[in-house]
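Trainee: Using the sequences plus the hints, can you model the full thing?
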Amino acid sequence: MDELATEGLSSSILVLAAHPNWRESRVNRRLLAAAQDLPHVEVQDLYGSYPDYDIDVAAEQSRTRAASVIVLLHPVQWYSMPALLKLWLDEVLTYGWAYGPGGTALRGKDLWLVATTGGPESSYHPQSYNRYFFDAFLPPYEQTAALCGMRFLPPLLLHGAHRASEAAVADHVAVFAQRLRSYPQWPELDELGQCPECEVPVTDRPLTRGSP
Amino acid sequence: MEHAPAWLTNSLIYLGAAVIAVPLSRALGLGAIIGYLAAGIAIGPWGLGLVSNVEDILHFAEFGVVLMLFLVGLELEPRRLWSLRRPIFGWGSAQVLGCAVLLCAAGMAAGLTWRVSLVAALGLALSSTAIALQVMGERNLLPTSSGQAGFSILLFQDVAAIPILALLPLLGGIAGANEASAASRWLEAAKIIGVIGGIVLGGRLLLRPLLRWIAKSKTPEIFTAASLLLVVAIAALMRLVGLSMALGAFLAGVLLAESEYRRELETDLEPFKGLLLGLFFIAVGMSIDFAVLLRSPGLMALVVVGFLALKALVIYALARRMGLPVQERPVFTLLLAQGGEFAFVVFQAAAGARVLTPGTSSLLIGAVAVSMLLTPLLLVAIDKLVMPRFANCNIPQLEEISEPQHAPVIIAGFGRYGQIVGRMLAAQGLAATVLDHDADMIEAARAFGYKVFYGDATRLDLLRTAGAETAKVLVVAVDDTEQSLSIVDLVHEHFPQLELVARARDVTHWNELRDRGVFRVERELFDSSLRSARSVLEVLGFAPHEARSQAMRFRRHNLQLFEQMYPHHKDRAKVIAVIKQGRRQLEEQMAQERAERAERDKRRREGTQHPGWDA
Numbered sequence: 001m002d003e004l005a006t007e008g009l010s011s012s013i014l015v016l017a018a019h020p021n022w023r024e025s026r027v028n029r030r031l032l033a034a035a036q037d038l039p040h041v042e043v044q045d046l047y048g049s050y051p052d053y054d055i056d057v058a059a060e061q062s063r064t065r066a067a068s069v070i071v072l073l074h075p076v077q078w079y080s081m082p083a084l085l086k087l088w089l090d091e092v093l094t095y096g097w098a099y100g101p102g103g104t105a106l107r108g109k110d111l112w113l114v115a116t117t118g119g120p121e122s123s124y125h126p127q128s129y130n131r132y133f134f135d136a137f138l139p140p141y142e143q144t145a146a147l148c149g150m151r152f153l154p155p156l157l158l159h160g161a162h163r164a165s166e167a168a169v170a171d172h173v174a175v176f177a178q179r180l181r182s183y184p185q186w187p188e189l190d191e192l193g194q195c196p197e198c199e200v201p202v203t204d205r206p207l208t209r210g211s212p
Numbered sequence: 213m214e215h216a217p218a219w220l221t222n223s224l225i226y227l228g229a230a231v232i233a234v235p236l237s238r239a240l241g242l243g244a245i246i247g248y249l250a251a252g253i254a255i256g257p258w259g260l261g262l263v264s265n266v267e268d269i270l271h272f273a274e275f276g277v278v279l280m281l282f283l284v285g286l287e288l289e290p291r292r293l294w295s296l297r298r299p300i301f302g303w304g305s306a307q308v309l310g311c312a313v314l315l316c317a318a319g320m321a322a323g324l325t326w327r328v329s330l331v332a333a334l335g336l337a338l339s340s341t342a343i344a345l346q347v348m349g350e351r352n353l354l355p356t357s358s359g360q361a362g363f364s365i366l367l368f369q370d371v372a373a374i375p376i377l378a379l380l381p382l383l384g385g386i387a388g389a390n391e392a393s394a395a396s397r398w399l400e401a402a403k404i405i406g407v408i409g410g411i412v413l414g415g416r417l418l419l420r421p422l423l424r425w426i427a428k429s430k431t432p433e434i435f436t437a438a439s440l441l442l443v444v445a446i447a448a449l450m451r452l453v454g455l456s457m458a459l460g461a462f463l464a465g466v467l468l469a470e471s472e473y474r475r476e477l478e479t480d481l482e483p484f485k486g487l488l489l490g491l492f493f494i495a496v497g498m499s500i501d502f503a504v505l506l507r508s509p510g511l512m513a514l515v516v517v518g519f520l521a522l523k524a525l526v527i528y529a530l531a532r533r534m535g536l537p538v539q540e541r542p543v544f545t546l547l548l549a550q551g552g553e554f555a556f557v558v559f560q561a562a563a564g565a566r567v568l569t570p571g572t573s574s575l576l577i578g579a580v581a582v583s584m585l586l587t588p589l590l591l592v593a594i595d596k597l598v599m600p601r602f603a604n605c606n607i608p609q610l611e612e613i614s615e616p617q618h619a620p621v622i623i624a625g626f627g628r629y630g631q632i633v634g635r636m637l638a639a640q641g642l643a644a645t646v647l648d649h650d651a652d653m654i655e656a657a658r659a660f661g662y663k664v665f666y667g668d669a670t671r672l673d674l675l676r677t678a679g680a681e682t683a684k685v686l687v688v689a690v691d692d693t694e695q696s697l698s699i700v701d702l703v704h705e706h707f708p709q710l711e712l713v714a715r716a717r718d719v720t721h722w723n724e725l726r727d728r729g730v731f732r733v734e735r736e737l738f739d740s741s742l743r744s745a746r747s748v749l750e751v752l753g754f755a756p757h758e759a760r761s762q763a764m765r766f767r768r769h770n771l772q773l774f775e776q777m778y779p780h781h782k783d784r785a786k787v788i789a790v791i792k793q794g795r796r797q798l799e800e801q802m803a804q805e806r807a808e809r810a811e812r813d814k815r816r817r818e819g820t821q822h823p824g825w826d827a
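Protein chains in written order, with the working numbering: chain U, 1 to 212; chain H, 213 to 827.
Please keep in mind that the hints were generated in silico from the structure rather than gathered at the bench.
One or more of the hints may lead you astray.
As the list claims (entries may be wrong) - Examples of chain U residues toward chain H, derived with CB under 7 Å:
(1) PRO20
(2) TRP22
(3) TYR47
(4) GLY48
(5) PRO51
Unchecked claim - Here are a few chain H residues that face chain U, going by a calculated C-beta distance under 10 Å:
(6) GLY753
(7) PHE754
(8) PRO756
(9) ALA759
(10) GLU811
(11) ARG812
(12) ASP813
Stated by the list, open to error - Simulated restraints on C-beta separations:
(13) LEU798/H - THR203/U: 52 to 58 Å
(14) GLU142/U - GLU711/H: 34 to 40 Å
(15) PRO126/U - ARG765/H: 39 to 45 Å
(16) ASP54/U - VAL538/H: 43 to 49 Å
(17) ILE632/H - GLU188/U: 36 to 42 Å
(18) ASP54/U - SER429/H: 39 to 45 Å
Glycine included, each C-beta is placed from N, C-alpha and C at the ideal position.
Mentor: Encoded structure:
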């Protein structure tokens, strides 16, 4: 218990949970509850906090700055993240704060994607209706992390969430909770290289203000 | 002079006296009424002696009071009049009876007979509707609580004058009059009921179609003539059955308050009212009998001071009981304490019925006239001496907007609604010219550092000064729907380039704004109510985002419903049908979605698949 508490202090976790309607959720809701049970994890339910999409950028930035790992928890919608989470990235990860000159607020942190998909793993295949391996949809996440100087941790995915058996869902939730508890002592992190440097040349942003 | 016809010389005298005296008096800070009274004294028998037929003029000018009450009635919808029934009969009777009892007791204590005391007391208990309403109108007091109370009491006095006049022959003890008229009394009562009933029914059923028909002739002067004819006819009818002409005119005004011709009637009659009322005040000035005054100045002073003091006592006590604001009480008390034009009629009739001797009668009439002359002077004194003491909580005399403004935005009305608009614009660094005519509101807003101009946005000149010619947007945020609509009309007529953003008080107002082609209209409570509905859903366990989505859907649906309803808004039955149908559609749709969701939940629990992203 003591060990956990110190761990919590040294590595605080921010879970950005984005689901437009928790009532319709089967897996994400349980992942959310599991995260909320852990004392060193701060959970931000985006659709609960910002139903009007008016994100408090300053509060979100200070919350993000305080965390050592940012967990994106959401169902995959149209091969991407829910709209409000995308808006969060657009508004909170500003030029000069998260990236670009002086934009070092997130440097050295980790980004961890925890997502579910409706389609089964087999559908993410050149021969199936989703036509691509799931990895093909990850570069936007990976590069977002890289541009901000963050490590992109191996995602935790549950495919075919609608049809997953109760046992499979329970297993998945348990893995998620265990991962949150043991972070950053994950065996695979040792093999993970450092984040590549991504300097944005000033000439790319002649008129500083604005989103990428 | 002999060669000129009488009407020409008379017009010359009255108009000349008024045109000289009134601006002079205003320039001296004494107000218009004193100017008229002074003009009357100057040209009357005791001044230059230019006019001698004072009585006739007074009778003629009384029509100004009739017109005034007609116009007051136009401002008062039947519903509002009904809601005033308590102040009218409660406070009205308290004032008249309280003052009469006290004055009567004082008279008897002074050694007069009870008959003389009673008649004098009843006459003196009445107040001048003309002066009081004029002063309250000038000072914008009518919408305040003291204005409403004063108006109610004055209205009651108009009613009370009838039984008082009926009482005089009984007190006079003219033998035989009672017996002989027992049968005719019933007839008279029947006539009174018939005339009032006729006015009410005719006003409801006949007048509007008649006015519509006259308006169709597209001859403006005939509409003006018809407006005058209407008031004259009603006055004549009332006179015929021995009722107060002013009361009848008031009743007709109330009946027309909801008609579409209200504005036209008002603008047509306003100048006549103004001139005739002026003439009335001139006549009062002329009728002051300085002979009586000079013969016994001490007695006269005693009567005037005595009855003013006693009445003021009763009225001030009433004002306290009514809970009127402290700073409004002095003016309220003074306006009701003065004697009134009805007293002239009462005392003349009393002399005729031999209740009062001619000497007493003219003394009392003189006292009333002097009190009417004193009232505007005392008002000036109150403003100068008493009001500064209330400086902290007082309505200050504010300077109207006078420097031309050039901000791109004008906000008319700086109450809760206008303030939020203004603050949000200010946060964007946008300048707005703010107009409000509520002195309290302006003081409060200024205390918080807002620049607010004092001025009535329904006035063309003030809108122009506020920069309506160069501004881009006018925000109509006033409370009063009538004012809101008249601002819109004014802008359409004179500043067609100005975009309007309007606050709608209710559905009717929304429709009226739409009638005028204003499309940027928000119902003032709609969005905040939806917010509360969202909060309720959240308390009941809806996720915030879901509650929002449902509220937005409801909002969209409701706005669509308004658009569907608008073409039929003059047809109540159709509107109700559209609303009912719209609501049913929404409810059915929502119920169906709830059923589908329940089905999905069930399938999910059973582990069968459902399509979609949300996992």
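Trainee: It remains to establish, for every hint, whether it holds in the given structure.
Mentor: Structure-based check of all given hints:
1. PRO20: Check passed: Cβ of PRO20/U comes within 6 Å of chain H, closer than 7 Å.
2. TRP22: 5 Å, holds
3. TYR47: Because about 4 Å separates TYR47/U from the closest Cβ in chain H, which is inside the 7 Å limit, the hint holds.
4. GLY48: 5 Å, holds
5. PRO51: 4 Å, holds
6. GLY753: 9 Å, holds
7. PHE754: At about 8 Å, which falls below the 10 Å cut-off, the nearest Cβ of chain U leaves the hint on PHE754/H intact, so it holds.
8. PRO756: Result: holds, 4 Å to nearest chain U Cβ.
9. ALA759: At about 7 Å, which falls below the 10 Å cut-off, the nearest Cβ of chain U leaves the hint on ALA759/H intact, so it holds.
10. GLU811: Nearest chain U Cβ about 12 Å off; hint violated.
11. ARG812: Holds. Min distance 7 Å.
12. ASP813: Check passed: Cβ of ASP813/H comes within 8 Å of chain U, closer than 10 Å.
13. LEU798/H - THR203/U: 52 to 58 Å: 55 Å, holds
14. GLU142/U - GLU711/H: 34 to 40 Å: 49 Å, violated
15. PRO126/U - ARG765/H: 39 to 45 Å: 40 Å, holds
16. ASP54/U - VAL538/H: 43 to 49 Å: 46 Å, holds
17. ILE632/H - GLU188/U: 36 to 42 Å: For GLU188/U against ILE632/H, whose Cβ atoms are near 55 Å apart, the range 36 to 42 Å is violated.
18. ASP54/U - SER429/H: 39 to 45 Å: 59 Å, violated
In summary, the structure is inconsistent with hints 10, 14, 17 and 18 from the numbered list given earlier, while agreeing with the others.
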